[in-house]
Amino acid sequence: MLNLAQNVVHKVASSVQHVEEEILGLFTMTDNKIMDLIYATHVHADETFDDDSLFIIVENILKRATQIVDKVVQGSQVHVENIEEQTPKPNFSVPLCTLKQIGCELSCKAPGEDVAHKTTLSILNKLSTYSWEAKSVLALAAFAMEYGDFWLLAQLQHTDHLAKSVGILKRVPILTKPADLHKRRQAILELNNLIKATLQVIEIFDQFDKLSAYDPKDIPGLSIAMDHIPVDVYWSILTIVACSTKLTILSSDEPDKPHDLSPYSQKIHYILNKLKIQLIVCRRQLEEAETYRKLRKMVQTPTEVMEVFKALTFTKDKPQPLIDGSTNKTVNIEVLRRKNIFLFISTLEITEEDISIVKPIYEGTRKDDRYKIVWIPVVEQWTIELQKKFETLRSKMPWFTIQSISPTVGIKFIKEEWHFKGKPTVVVMNPQGKVENPNALHLIRLWGMRAFPFDKAADETLSKELTWIGPVVNNIDPIIQTWIKEEKYIFFYGGHDNEWIQQFTKRATTLANDPVIKDSKIKIEIFCIGKSGKGGEDHGIIGRFWSGIESLFFTKVHKQVDPVTQEIQKLLSYKNESGWAVLSKGSSVVTAGHGLTILRVLEDFEKWKEVAREKGFEFTFKEYHNRVIQSVRHCCRLDIPSATGKTPEIMKCPECPRTMEMFISYKCCHIDGPAAGRH
Numbered sequence: 010m011l012n013l014a015q016n017v018v019h020k021v022a023s024s025v026q027h028v029e030e031e032i033l034g035l036f037t038m039t040d041n042k043i044m045d046l047i048y049a050t051h052v053h054a055d056e057t058f059d060d061d062s063l064f065i066i067v068e069n070i071l072k073r074a075t076q077i078v079d080k081v082v083q084g085s086q087v088h089v090e091n092i093e094e095q096t097p098k099p100n101f102s103v104p105l106c107t108l109k110q111i112g113c114e115l116s117c118k119a120p121g122e123d124v125a126h127k128t129t130l131s132i133l134n135k136l137s138t139y140s141w142e143a144k145s146v147l148a149l150a151a152f153a154m155e156y157g158d159f160w161l162l163a164q165l166q167h168t169d170h171l172a173k174s175v176g177i178l179k180r181v182p183i184l185t186k187p188a189d190l191h192k193r194r195q196a197i198l199e200l201n202n203l204i205k206a207t208l209q210v211i212e213i214f215d216q217f218d219k220l221s222a223y224d225p226k227d228i229p230g231l232s233i234a235m236d237h238i239p240v241d242v243y244w245s246i247l248t249i250v251a252c253s254t255k256l257t258i259l260s261s262d263e264p265d266k267p268h269d270l271s272p273y274s275q276k277i278h279y280i281l282n283k284l285k286i287q288l289i290v291c292r293r294q295l296e297e298a299e300t301y302r303k304l305r306k307m308v309q310t311p312t313e314v315m316e317v318f319k320a321l322t323f324t325k326d327k328p329q330p331l332i333d334g335s336t337n338k339t340v341n342i343e344v345l346r347r348k349n350i351f352l353f354i355s356t357l358e359i360t361e362e363d364i365s366i367v368k369p370i371y372e373g374t375r376k377d378d379r380y381k382i383v384w385i386p387v388v389e390q391w392t393i394e395l396q397k398k399f400e401t402l403r404s405k406m407p408w409f410t411i412q413s414i415s416p417t418v419g420i421k422f423i424k425e426e427w428h429f430k431g432k433p434t435v436v437v438m439n440p441q442g443k444v445e446n447p448n449a450l451h452l453i454r455l456w457g458m459r460a461f462p463f464d465k466a467a468d469e470t471l472s473k474e475l476t477w478i479g480p481v482v483n484n485i486d487p488i489i490q491t492w493i494k495e496e497k498y499i500f501f502y503g504g505h506d507n508e509w510i511q512q513f514t515k516r517a518t519t520l521a522n523d524p525v526i527k528d529s530k531i532k533i534e535i536f537c538i539g540k541s542g543k544g545g546e547d548h549g550i551i552g553r554f555w556s557g558i559e560s561l562f563f564t565k566v567h568k569q570v571d572p573v574t575q576e577i578q579k580l581l582s583y584k585n586e587s588g589w590a591v592l593s594k595g596s597s598v599v600t601a602g603h604g605l606t607i608l609r610v611l612e613d614f615e616k617w618k619e620v621a622r623e624k625g626f627e628f629t630f631k632e633y634h635n636r637v638i639q640s641v642r643h644c645c646r647l648d649i650p651s652a653t654g655k656t657p658e659i660m661k662c663p664e665c666p667r668t669m670e671m672f673i674s675y676k677c678c679h680i681d682g683p684a685a686g687r688h
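Convert by adding 9 to the 1-based position in the sequence shown; the result is the number in this note's numbering.
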């Protein structure tokens, strides 16, 4: 029996010690610790309670009560604000019994952090079925009943006998006598200011609650604030308890009893400032989301291109002027009204070659006032160095430039709707603001002014042409244009394996000089892409060639698959192989092949050259190559740069009817700037 009693005493002592340890250092408790304590008091929230109406009443009470305090304590020095009267819903029923229960918890508590903490948990237990915001409003309402009543009696006691008598019962005269008021002036003002700050905190809870009705995707910052609301509610109610205790002390016979409100004030002001910042962020995010939706709607139902441009590039601030690169002067954006606009969009990581692609378009349209080019630099955050880089690049562009656009609306729209991922692009818009081509740079790079005005019609027309190799190779060497005009057969080839290149060069040269080929008056030329005369690699030519092939790919990838598309896709899949080759007649491609298969065809020339004499070189070469492909199987791999634009979700293999597997890979060539694009 004695042992049992000792065990009970030990458990009680341990429990008391545990609580004391919890309370010790209340203001140093972690948020996680507070969360554990308060969530134990919370059950499913009653969403039917109208805390908005209750808060309106509480706000009406406390704003007037605190104003009375300021006026009584500070006299004529205080600035009296005009308080707008708000009205709760007509059918709102005040939960009076609940408020009185909380009022009992608040009444006549001894000072001290431990008492305040225990009282706060007790209040939270009584309000377990309410939402976190409602808990704070109910606690504040219970306090407002007492605080508002106290200062209403203080105001009426000199003119109303009933108010005077009730005031005596509530010890109002003890606090409002001039001598006592002067003595306790600083403490009363500190209490009053802390009540104002707590009211603001709980008002922001209400603002967050209203924002929660919107789509969470529109306000990503809201979840961060809402996750922390329970802890902030705890501190708000704790502060209300401390304020109630302070009011009791000030109207008691021991007004100097220690009860420092400064820790509570510091905490509540920290929370208030944090919530204000979070609220500003959330409201800005919501405004940006609504602006983004308006921009999307404007682009989908266009009316005038300049208005779309303004919505894309500007926020609520006054629109920036454009910079005219030909004169280096600023001009009003009115110059874009009812014009066809080519939006040249890029980061600051662009090369002179990128700029040179657009220059022929400027030269071809500058005398035609119906067309304007505008450079939009995509920069998330400007620095002094980026500003200098911008000025350097801008000086090389004779067209219009807009210095910056909203990173949260304009840049987001460009990335999400036009699939901008870092590579330069040209968006074509007609005078009504309709997007005619979300990425015309591929067309411009391949065809130049031949693709003008770079809309879908021009894209469709040129994509049907079979002479696709010409635009890619024409600018590599002048001799190629001559060969194409003469309708010669041309082997374009390259790869990473120099030994394979040497073998191919030897076999292709042998083929070109074979008597059967000569007698058939078939003229064959060979051209190794990216090999200089000294045997080194010209990365500039290699980069331009594969950029051209990629541009061809992206002009066709979202269209119906045809033989031309398959050949381009096939060639692009050989980009990182040891060897590859394309056979064309003039600018028309006969076939493209992997180094292994094409070299096998050349090595087996003796087996099919007599057939070529009868059926023709082109037909025989292609037929034999197809047979080799069936016997020499290798994996087909297609690397598509993610920064180039919208990539297809499904890709058919160019060599068989199967759907290709998708892999994600990452690459770094340890090179900064434009040179990185050549690797």
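Derived by calculation from the structure, the hints in this document are not laboratory data. All figures in this text were calculated on a predicted structure; none of them were measured in a lab. Do not take every clue at face value.
To be verified - Under the rule of at most 30 Å between Cα atoms (straight-line distance), these lysine-lysine pairs were calculated in the DSSO-like manner:
#, residue 1, residue 2
1, Lys266, Lys306
2, Lys98, Lys127
3, Lys127, Lys306
4, Lys127, Lys72
5, Lys348, Lys42
6, Lys443, Lys306
Hints and how they fare:
The straight-line distance between the Cα atoms of Lys266 and Lys306 is roughly 65 Å, outside the 30 Å bound, and the hint therefore fails. In summary, the hint linking Lys98 to Lys127 is not supported, as the alpha carbons are separated by about 34 Å, beyond the 30 Å threshold. Between Lys127 and Lys306 the CA atoms are separated by roughly 55 Å; this puts the pair beyond 30 Å, and the hint is violated. A distance of roughly 28 Å separates the Cα atoms of Lys127 and Lys72; the hinted pair therefore holds under the 30 Å criterion.
Between Lys348 and Lys42 the alpha-carbon distance is near 63 Å, which puts this suggested pair outside the 30 Å criterion. The hinted pair formed by Lys443 and Lys306 meets the criterion: a straight-line CA distance of about 11 Å does not exceed 30 Å.
In the structure shown, a violation is registered for the earlier hints numbered 1, 2, 3, 5, in ascending order.
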